[in-house]
Amino acid sequence: MPETVIETRRLTIAEALREAIAEEMRRDENVFLLGEDVGVEGGFGGAFGVYLGLVEEFGHERIIDTPISEKAIAGAAVGAAVLGMRPVADMQYSDFLFECMDELVNQAAKLRYMSGGKLSVPMVMRAPVGATLRGAQHGQCPESYFVHVPGLKVVAPSDAYHAKGILKSAIRDDNPVLVFEHKLLYGSKGREAAGGYDLTAEVPTDDYTVPIGKAIIKRPGTDATVVATHVSLYRALAAADQLASEDIECEVIDPLTLNPLDEQTIFGSVQKTGRLAIVHEDTLTGGWGAEVAARVADDCLAYLEAPIKRIATRDVPAPAAPVLEQAIVPQVETIVATVKEMLG
Amino acid sequence: MTAPEQTPGDPADAAMVDRLYRGMLLIRRFEERVYRLFLEGEIPGTLHQYHGQEAVATGVCDVLRLDDWITSTHRPHGHALAKGVSARAAMAELDGKRTGCCAGKGGSMHLGDPAVGMLPAIAIVGGGNTVVTGLGLAMKLRKSDQVAACFFGEGATNEGAFHEGLNFAAVEQLPIVLICENNLYGASTPFHRVSLVPDVAERAKAYGVPSQIVDGMDVLAVRAATADAVASARAGAGPTLIECKTYRFTGHSRSDARDYRTDEEEAEWAARDPLLVLGARLDQAASELFEASVKAELDDAVEFARSSPWPEPAEALEGVYA
Ligand SMILES: Cc1ncc(C[n+]2csc(CCOP(=O)(O)OP(=O)(O)O)c2C)c(N)n1
Numbered sequence: 001m002p003e004t005v006i007e008t009r010r011l012t013i014a015e016a017l018r019e020a021i022a023e024e025m026r027r028d029e030n031v032f033l034l035g036e037d038v039g040v041e042g043g044f045g046g047a048f049g050v051y052l053g054l055v056e057e058f059g060h061e062r063i064i065d066t067p068i069s070e071k072a073i074a075g076a077a078v079g080a081a082v083l084g085m086r087p088v089a090d091m092q093y094s095d096f097l098f099e100c101m102d103e104l105v106n107q108a109a110k111l112r113y114m115s116g117g118k119l120s121v122p123m124v125m126r127a128p129v130g131a132t133l134r135g136a137q138h139g140q141c142p143e144s145y146f147v148h149v150p151g152l153k154v155v156a157p158s159d160a161y162h163a164k165g166i167l168k169s170a171i172r173d174d175n176p177v178l179v180f181e182h183k184l185l186y187g188s189k190g191r192e193a194a195g196g197y198d199l200t201a202e203v204p205t206d207d208y209t210v211p212i213g214k215a216i217i218k219r220p221g222t223d224a225t226v227v228a229t230h231v232s233l234y235r236a237l238a239a240a241d242q243l244a245s246e247d248i249e250c251e252v253i254d255p256l257t258l259n260p261l262d263e264q265t266i267f268g269s270v271q272k273t274g275r276l277a278i279v280h281e282d283t284l285t286g287g288w289g290a291e292v293a294a295r296v297a298d299d300c301l302a303y304l305e306a307p308i309k310r311i312a313t314r315d316v317p318a319p320a321a322p323v324l325e326q327a328i329v330p331q332v333e334t335i336v337a338t339v340k341e342m343l344g
Numbered sequence: 001m002t003a004p005e006q007t008p009g010d011p012a013d014a015a016m017v018d019r020l021y022r023g024m025l026l027i028r029r030f031e032e033r034v035y036r037l038f039l040e041g042e043i044p045g046t047l048h049q050y051h052g053q054e055a056v057a058t059g060v061c062d063v064l065r066l067d068d069w070i071t072s073t074h075r076p077h078g079h080a081l082a083k084g085v086s087a088r089a090a091m092a093e094l095d096g097k098r099t100g101c102c103a104g105k106g107g108s109m110h111l112g113d114p115a116v117g118m119l120p121a122i123a124i125v126g127g128g129n130t131v132v133t134g135l136g137l138a139m140k141l142r143k144s145d146q147v148a149a150c151f152f153g154e155g156a157t158n159e160g161a162f163h164e165g166l167n168f169a170a171v172e173q174l175p176i177v178l179i180c181e182n183n184l185y186g187a188s189t190p191f192h193r194v195s196l197v198p199d200v201a202e203r204a205k206a207y208g209v210p211s212q213i214v215d216g217m218d219v220l221a222v223r224a225a226t227a228d229a230v231a232s233a234r235a236g237a238g239p240t241l242i243e244c245k246t247y248r249f250t251g252h253s254r255s256d257a258r259d260y261r262t263d264e265e266e267a268e269w270a271a272r273d274p275l276l277v278l279g280a281r282l283d284q285a286a287s288e289l290f291e292a293s294v295k296a297e298l299d300d301a302v303e304f305a306r307s308s309p310w311p312e313p314a315e316a317l318e319g320v321y322a
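Chains as they are written, first to last, in my numbering: chain A, 1 to 344; chain B, 1 to 322.
By construction, these hints were calculated from the structure, which means they are not laboratory data. Heads up, a few of these hints could be off.
Per the computed footprint, the stretches of chain A lying under chain B, defined by three or more beta-carbons under 8 Å from a beta-carbon of chain B, are [stated by the list, open to error]:
| # | segment |
| --- | --- |
| 1 | 18-27 |
| 2 | 184-196 |
| 3 | 274-282 |
| 4 | 310-317 |
| 5 | 321-331 |
Virtual Cβ for every residue (Gly too), placed ideally from N, Cα, C.
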């Protein structure tokens, strides 16, 4: 067999997402982008610069600057998708998704089912999450609201390779897919928050996709399973590094997709380690971690050697003061302490 | 800063000019200070600043009583100072200190204080436009003569909330004054790209709400229009919309290089600086006095904020429920 060399280069998540959209727009003329401040000349290229340069290539017809009208953004995406377009809709902050809950929950999620399977809604909604000292209405992680809705798929990539690949899968998927990214992980600025980890990743130059519904084992281990996303994932990896120096080996899993959940990978890991902690920046009560915990309890109870632990943001709105924000969001030390507690 | 009782259409007497000038100057210098402190790392998070729009908050709030209410936006510093949040309490809030007007929990985008009739600012664009109807409804049901004023940008008028709130206020004839600060851009997007109707005042007509356009760089014009609207609301004659044509002198938020605007446009508006417009009525000595007293007030506020304690981490868990 001839050896195939995969050419790669290091990209940030923002760059990787931009490439994914550009490549899909080149590949399929049905793909288009709509959102606030996405293509204005001299503007921001979206709230976090992900779309910089796209309007120059694709023009205003396919990079649509909308009014500040989230209901119209989501509703237009639903309608266009029904007719076979593949809209990529943008929310500047995921906190604004509550403006278009009806379009997402009552329309996008249900049209296929309500039509007896005659329609599909191949749309993508991108939304940045995470507390970044901006207070209660710009710091939420609302993934769990959508995990709850049958008919929606929810993905949450945390590195450039998977972000690019799964966004492409989302665009090609025939269902509505919400893509949640963390604001601190777009570029290199969030490195400190992410436990010092390099936030760029090797990304192939050739076309590739990453499947929806498949988790990634970020670090193999035998003593405890830690499932985490976004900044919490990097903190879990940092915690695993620390624990390794005390001969505790964590298996760190990035679920990547929150619905449908990759039960096989998670169950397999828990059956091996006998212990599970879930870490997320969403608040605790009703968070997606509870769903993971419930499923593992259902299926793997006999393997568990300790109670399942959830490490989540405390059940309060995001406060603005740095000292308060720090106090409510999961930190490396809490993860370390919790894993030790599970190990008795 | 709440004015002594004024009757609508009061001619601008010297005391009013002084009061309005100092009010605007306080906001301008506060914002300049805040910008520096942000660059120096003292203020965390981000900022949406009010330089250039001072005449709107100052003119409107000068007419309001302490027991009238306002709703505000992601750009609330000017509204807060004008409605009576002290420079100390605002500065401490921006610093994330316990002595801030929201105990460090709100931050820049949520300044406010019920004690002075200001709801914590709403950072969801258009968010105030529906909530203000409830303030107005409570005032109407209780037969009080209070009014509620709602500040919002022209960008917010493309949210469904603007239309729902406006129509509801109209049919219920609520004691509300809607203050649109049309600064031409919502973030980077010029209004003409997202509305075929150039004037927000026009939109009010569709709901049977009287409206007018005023020069938002002229604090006396803003004040006069607001005085009429407030008098009408107090008298039970329902809502009015005032569209103030204005301009923000800074970027949308702290990371904005403003490449979507031209230097010529910025220069044109800089020449209409509300402090210059009103300043023409002041003599040099008076404006120097105001500079000195504002500087003293802000020195004190910065010092107060700096020396105030951080909240205790455990305070993060308090105050979720009543
Ligand atoms: C519902 C919602 N959508 C989007 C945003 C992001 N955003 C914050 S300010 C802003 C522009 C607002 O423009 P305008 O209402 O004209 O007020 P201005 O910033 O000019 O004061 C946008 C899009 C938000 N905060 N809330």
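Verification of the supplied hints:
no., hint, verdict
1, 18-27, "violated (count 0)"
2, 184-196, "violated (count 0)"
3, 274-282, "violated (count 0)"
4, 310-317, "holds (count 4)"
5, 321-331, "holds (count 8)"
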